[in-house]
Amino acid sequence: MRDDVSSAPTEENMIDLLYLALTLFAFAALIAYVRGCALLGREDNTDMRGKDER
Amino acid sequence: MTANGWVQILFYCAVLLAVTKPMGIYMLKVYDGSYRWLGFLERPIYRICGIDEKEDQHWTSYAVGMLLFSVVTMLVTYIALRLQGKLPLNPQHFPGVVDRQSFETAASFTTNTNWQSYSGESTMSYLSQMSQLAMHNFASAAVGISVAIAVIRGISTRSAGKLGNFWVDTVRGTLYILIPFSLMLALLFVQQGVIQNFSSYLTVSTLEGAKQTLAMGPVASQEAIKQIGTNGGGFFNANSAHPFENPTPWSNFLQMIAIFIIPAGLTYTLGRMVKHQRHGWAVWAAMFILFFAGITTAYWAEARGNPIHAGEGLDVKASPLQSGGNMEGKEVRFGIANSALFATITTDASCGAVNAMHDSFTAIGGLVPLVNIQLGEVVFGGVGAGMYGMLLMVVLTVFIAGLMVGRTPEYLGKKIQSREIRMVMLAVLASPLVILGLTAVASVLPAGLKGLNNSGPHGFSEILYAYTSTFGNNGSAFAGLSGGSYFYNTTLGIATIIGRFAVIVPALALAGFLSERKVVAESAGTFPIATPLFVGLLISVILIVGALTFFPALALGPIVEHFLTSTRVLF
Chain A
21 MRDDVSSAPT
31 EENMIDLLYL
41 ALTLFAFAAL
51 IAYVRGCALL
61 GREDNTDMRG
71 KDER
Chain B
12 MTANGWVQIL
22 FYCAVLLAVT
32 KPMGIYMLKV
42 YDGSYRWLGF
52 LERPIYRICG
62 IDEKEDQHWT
72 SYAVGMLLFS
82 VVTMLVTYIA
92 LRLQGKLPLN
102 PQHFPGVVDR
112 QSFETAASFT
122 TNTNWQSYSG
132 ESTMSYLSQM
142 SQLAMHNFAS
152 AAVGISVAIA
162 VIRGISTRSA
172 GKLGNFWVDT
182 VRGTLYILIP
192 FSLMLALLFV
202 QQGVIQNFSS
212 YLTVSTLEGA
222 KQTLAMGPVA
232 SQEAIKQIGT
242 NGGGFFNANS
252 AHPFENPTPW
262 SNFLQMIAIF
272 IIPAGLTYTL
282 GRMVKHQRHG
292 WAVWAAMFIL
302 FFAGITTAYW
312 AEARGNPIHA
322 GEGLDVKASP
332 LQSGGNMEGK
342 EVRFGIANSA
352 LFATITTDAS
362 CGAVNAMHDS
372 FTAIGGLVPL
382 VNIQLGEVVF
392 GGVGAGMYGM
402 LLMVVLTVFI
412 AGLMVGRTPE
422 YLGKKIQSRE
432 IRMVMLAVLA
442 SPLVILGLTA
452 VASVLPAGLK
462 GLNNSGPHGF
472 SEILYAYTST
482 FGNNGSAFAG
492 LSGGSYFYNT
502 TLGIATIIGR
512 FAVIVPALAL
522 AGFLSERKVV
532 AESAGTFPIA
542 TPLFVGLLIS
552 VILIVGALTF
562 FPALALGPIV
572 EHFLTSTRVL
582 F
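So the sequences go chain by chain: A and B. Numbering-wise (the working numbering), the first sequence opens with residue 21 and increments by one. Numbering-wise (the working numbering), the second sequence opens with residue 12 and increments by one.
I should point out that these hints are in silico values taken from the structure, not numbers from a laboratory. Please note that the accuracy of each hint is not assured.
For lysine to any residue, the following SDA-like pairs were computed, each having C-alpha atoms within a straight-line distance of at most 25 Å [unchecked claim]:
no. : chain 1 : residue 1 : chain 2 : residue 2
1   : B       : K461      : B       : K286
2   : B       : K461      : A       : E32
3   : B       : K286      : B       : R47
4   : B       : K222      : B       : F192
5   : B       : K97       : A       : T30
6   : B       : K529      : B       : K461
7   : B       : K40       : B       : C60
8   : B       : K97       : A       : R62
9   : B       : K97       : A       : A58
10  : B       : K65       : A       : A58
11  : B       : K426      : A       : M34
12  : B       : K97       : A       : L38
13  : B       : K97       : A       : A41
14  : B       : K426      : A       : L59
15  : B       : K461      : A       : L60
16  : B       : K461      : A       : L38
17  : B       : K426      : A       : R55
18  : B       : K529      : A       : D36
19  : B       : K97       : A       : N33
20  : B       : K529      : A       : A41
21  : B       : K529      : A       : A58
22  : B       : K426      : A       : T30
23  : B       : K426      : A       : A58
24  : B       : K97       : A       : L37
25  : B       : K461      : A       : D36
26  : B       : K529      : B       : M436
27  : B       : K97       : A       : E31
28  : B       : K529      : A       : E31
29  : B       : K461      : A       : E31
30  : B       : K426      : B       : G536
31  : B       : K222      : B       : W261
32  : B       : K97       : A       : D36
33  : B       : K97       : A       : L60
34  : B       : K286      : B       : V580
35  : B       : K426      : A       : E31
36  : B       : K529      : A       : I35
37  : B       : K97       : A       : I35
A few chain B residues facing chain A, derived, Cβ under 8 Å [as the list claims (entries may be wrong)]:
no. : residue
38  : T71
39  : F80
40  : V82
Backbone N, C-alpha and C fix where the C-beta goes; we use that ideal spot for every residue, glycine too.
Please construct the entire structure, taking both the sequences and the accompanying hints into account.
Below is the structure:
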């Protein structure tokens with residue numbers, strides 16, 4: 021009789037999935053970071069001119 | 012220190028200077044599309060991949076394209092390493108790489124880090140080495156150069172945030188720069204004795220009659236891109252200290268030149284692209300001064316040797332009969348000068364290849380590689396990474412100079428305002444956050460302490476070096492730390508991802524913002540960017556940012572260890 025090798029995920033499979041999920045999450049966060057930088061870079065009215073230039 | 016050692020170091024410096032201009036011109040012509048001698052290969056790639064080579068991407072599209080390319084190749088590598096046992100070109104029948112190491116290796120090679128918590132010769136099949144690791148060596152290097160070129164475009168042109176085309180830049184970098192240079196270098200390595208075969212491992216009888224297994228493999232091809240792409244991941248565990256990877260002083264010299272040739276050339280490319288060649292040379296000079304300070308310190312510390320040995324009356328001076336100094340962890344065929352030089356170069360760049368064990372350096376000798384990485388690897392730096400890292404520092408320098416004289420900071424006629432400085436600070440602050448944060452966590456958690464092989468400040472240095480090396484995408488190991496655990500594989504893998512992309516994204520954003528600025532004419536109050544004053548200020552800013560950020564941590568590690576060594580306390 022062969023062992024039952026059902027499709028239930030093993031611990032190793034679960035860890036694989038966790039690492040794949042971690043990778044996708046990290047890059048999704050980085051794409052959000054691109055958007056965040058773009059928002060941070062919206063032109064503002066901060067006057068950065070030196071005293072002698074005002 | 013010996014005259015022979017200094018002659019070799021100065022010869023290296025002279026060759027580096029000589030290759031800077033031709034390499035810089037070649038890269039300029041490749042990226043502006045003037046050199047298309049491989050157009051018959053380039054054009055079909057665009058057609059097959061559906062790339063419109065005339066499309067000019069906004070910096071956000073450029074960044075997202077780069078991130079998508081990286082995540083897809085990283086996932087493919089993770090899966091390929093896990094399935095290695097079922098795939099061909101595996102004469103040693105290695106099983107799939109364990110999950111945690113697959114994650115860290117995939118992250119590490121995708122980010123040009125190549126931190127290895129495994130021995131290549133006993134873990135990786137030839138297919139994994141060639142289709143995954145070597146592929147990333149090319150791809151990650153090409154991505155780095157692309158980003159540097161895009162950043163320079165943003166600085167030098169007015170283009171409403173558009174920086175070029177990521178896919179075109181990456182194809183050109185791979186096709187015209189990395190592949191031809193790697194081919195030439197691989198042939199030179201083979202001529203020097205680096206092995207290149209698909210043979211099974213050999214079992215030979217030693218002179219004593221014992222049996223020994225000799226690892227084989229396609230080493231020369233991997234070795235070439237490992238150095239020229241500043242990747243650093245060795246085919247064998249001993250990396251460039253292994254005689255099959257780096258057999259002769261000439262192969263060692265070629266490897267060291269290969270590490271710096273693209274980063275040095277990029278300074279010339281910078282000068283040409285911004286139409287201010289003296290500025291390019293000023294950046295080169297700042298990098299060279301920091302490099303020379305590093306090699307001088309490392310060579311002095313290693314040639315001086317262990318002060319305890321001298322205190323015991325041992326002869327540690329160089330003579331015709333002995334090298335003197337500290338030879339622990341060094342290859343006799345390279346000696347102290349070439350070991351110190353290699354260590355300085357590999358950590359100035361984000362290479363990480365080693366021809367000596369940094370853990371065996373004296374406290375001050377080991378401090379040099381650590382500080383080099385902590386300065387942001389802007390001293391020539393990784394391929395592309397060094398240039399965009401240095402440009403962040405240049406903008407910061409110009410900003411500080413502007414603050415000092417009370418004028419609006421300008422860089423190449425473009426005003427530096429708050430949004431540009433925000434991006435610079437995001438990039439600068441990422442390193443202390445990750446390096447110091449994860450070092451602190453690893454220093455108190457049992458899972459972190461379990462990996463240590465040394466106690467006290469030396470053990471702390473091992474942890475600090477590991478996170479510094481991975482965040483800096485260097486990948487060199489201090490040794491002494493057992494990084495093969497779920498804790499270290501996962502946290503070091505995360506550090507490599509943040510270290511690579513949390514710097515690239517603000518750098519591209521900075522370039523995008525600057526490309527939107529109009530160019531104003533230089534005036535008497537404009538801070539000159541090609542003078543010794545600029546070079547001095549740039550070096551000061553780099554050192555001060557590095558010192559302020561990491562000095563407290565360094566004081567707990569190599570600095571206190573140096574003083575304790577003088578009192579004969581060892582760890």
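Hints, verified against the model:
1. Note on K461 (chain B) and K286 (chain B): the hinted pairing is violated, with a Cα-Cα distance of about 54 Å set against a maximum of 25 Å.
2. Taking the CA atoms of K461 (chain B) and E32 (chain A), the gap is near 23 Å; set against the 25 Å cutoff, the hint holds.
3. Between K286 (chain B) and R47 (chain B), the direct Cα distance comes to roughly 23 Å. Compliance with the 25 Å bound is thereby established for this hinted pair.
4. Between K222 (chain B) and F192 (chain B) the alpha-carbon distance is near 38 Å, which puts this suggested pair outside the 25 Å criterion.
5. Under the criterion of a C-alpha separation no larger than 25 Å, the hint pairing K97 (chain B) with T30 (chain A) is consistent with the structure, at around 19 Å.
6. Annotation: proposed proximity of K529 (chain B) to K461 (chain B) is violated, straight-line Cα distance about 56 Å (limit 25 Å).
7. Taken as a hint, the K40 (chain B) and C60 (chain B) pair is honoured in the structure, with Cα atoms around 23 Å apart against an allowance of 25 Å.
8. For the suggested pair K97 (chain B) and R62 (chain A), the alpha carbons sit about 51 Å apart, so the restraint of at most 25 Å is broken.
9. Simply put, K97 (chain B) and A58 (chain A) have alpha-carbon atoms about 44 Å apart, too far for the 25 Å limit, and the pair is violated.
10. Distance restraint check for K65 (chain B) and A58 (chain A): the Cα-Cα separation of roughly 24 Å lies within the 25 Å cut-off, and the hinted pair is therefore satisfied.
11. Using a Cα cut-off of 25 Å, the hinted pair K426 (chain B) and M34 (chain A) is violated, with the two alpha carbons roughly 52 Å apart.
12. For the suggested pair K97 (chain B) and L38 (chain A), the alpha carbons sit about 22 Å apart, so the restraint of at most 25 Å is met.
13. Only pairs whose Cα atoms come within 25 Å are accepted, and K97 (chain B) paired with A41 (chain A) is accepted, the gap being roughly 23 Å.
14. For the hint linking K426 (chain B) to L59 (chain A), the alpha-carbon distance of about 19 Å falls within 25 Å, and the restraint holds.
15. With a C-alpha separation of about 41 Å, the suggested pairing of K461 (chain B) with L60 (chain A) is violated against the 25 Å cut-off.
16. Under the criterion of a C-alpha separation no larger than 25 Å, the hint pairing K461 (chain B) with L38 (chain A) is consistent with the structure, at around 24 Å.
17. The hinted pair formed by K426 (chain B) and R55 (chain A) meets the criterion: a straight-line CA distance of about 23 Å does not exceed 25 Å.
18. Among the hinted pairs, K529 (chain B) with D36 (chain A) is inconsistent with the structure: their alpha-carbon atoms are about 50 Å apart, more than 25 Å.
19. For a cut-off of 25 Å, the pair hint linking K97 (chain B) to N33 (chain A) stands: about 16 Å separates their Cα positions.
20. Of the pairs offered as hints, the one joining K529 (chain B) and A41 (chain A) is violated, with about 43 Å between alpha carbons and a cut-off of 25 Å exceeded.
21. A distance of roughly 19 Å separates the Cα atoms of K529 (chain B) and A58 (chain A); the hinted pair therefore holds under the 25 Å criterion.
22. Between the alpha carbons of K426 (chain B) and T30 (chain A) the distance comes to roughly 58 Å, so the proposed pair goes past 25 Å and is violated.
23. Taking the CA atoms of K426 (chain B) and A58 (chain A), the gap is near 18 Å; set against the 25 Å cutoff, the hint holds.
24. A hinted pair counts as satisfied when its Cα atoms are at most 25 Å apart, and K97 (chain B) with L37 (chain A) qualifies at roughly 19 Å.
25. For the hint linking K461 (chain B) to D36 (chain A), the alpha-carbon distance of about 24 Å falls within 25 Å, and the restraint holds.
26. Our distance criterion of 25 Å between C-alpha atoms is met by K529 (chain B) and M436 (chain B), whose separation comes to about 23 Å.
27. Between the alpha carbons of K97 (chain B) and E31 (chain A) the distance comes to roughly 20 Å, so the proposed pair stays at or under 25 Å and holds.
28. Between K529 (chain B) and E31 (chain A) the CA atoms are separated by roughly 58 Å; this puts the pair beyond 25 Å, and the hint is violated.
29. With a CA separation close to 24 Å, the supplied pair K461 (chain B) and E31 (chain A) stays within the 25 Å bound.
30. Straight-line distance between C-alpha atoms of K426 (chain B) and G536 (chain B) comes to about 13 Å, which keeps the hinted pair within the 25 Å bound.
31. The hinted pair formed by K222 (chain B) and W261 (chain B) fails the criterion: a straight-line CA distance of about 31 Å is larger than 25 Å.
32. The straight-line distance between the Cα atoms of K97 (chain B) and D36 (chain A) is roughly 17 Å, inside the 25 Å bound, and the hint therefore holds.
33. Taken as a hint, the K97 (chain B) and L60 (chain A) pair is broken in the structure, with Cα atoms around 48 Å apart against an allowance of 25 Å.
34. Distance restraint check for K286 (chain B) and V580 (chain B): the Cα-Cα separation of roughly 55 Å exceeds the 25 Å cut-off, and the hinted pair is therefore not satisfied.
35. A hinted pair counts as satisfied when its Cα atoms are at most 25 Å apart, and K426 (chain B) with E31 (chain A) does not qualify at roughly 56 Å.
36. For the suggested pair K529 (chain B) and I35 (chain A), the alpha carbons sit about 51 Å apart, so the restraint of at most 25 Å is broken.
37. For the suggested pair K97 (chain B) and I35 (chain A), the alpha carbons sit about 20 Å apart, so the restraint of at most 25 Å is met.
38. Contact between T71 (chain B) and chain A, as hinted, is supported at the beta carbon level, the nearest pair being about 6 Å apart and thus within 8 Å.
39. For F80 (chain B), the suggested interface contact is broken, since its CB lies about 10 Å from the closest CB of chain A, more than 8 Å.
40. The beta carbon of V82 (chain B) comes within 4 Å of a beta carbon in chain A, closer than 8 Å, and the hint placing it at the interface holds.
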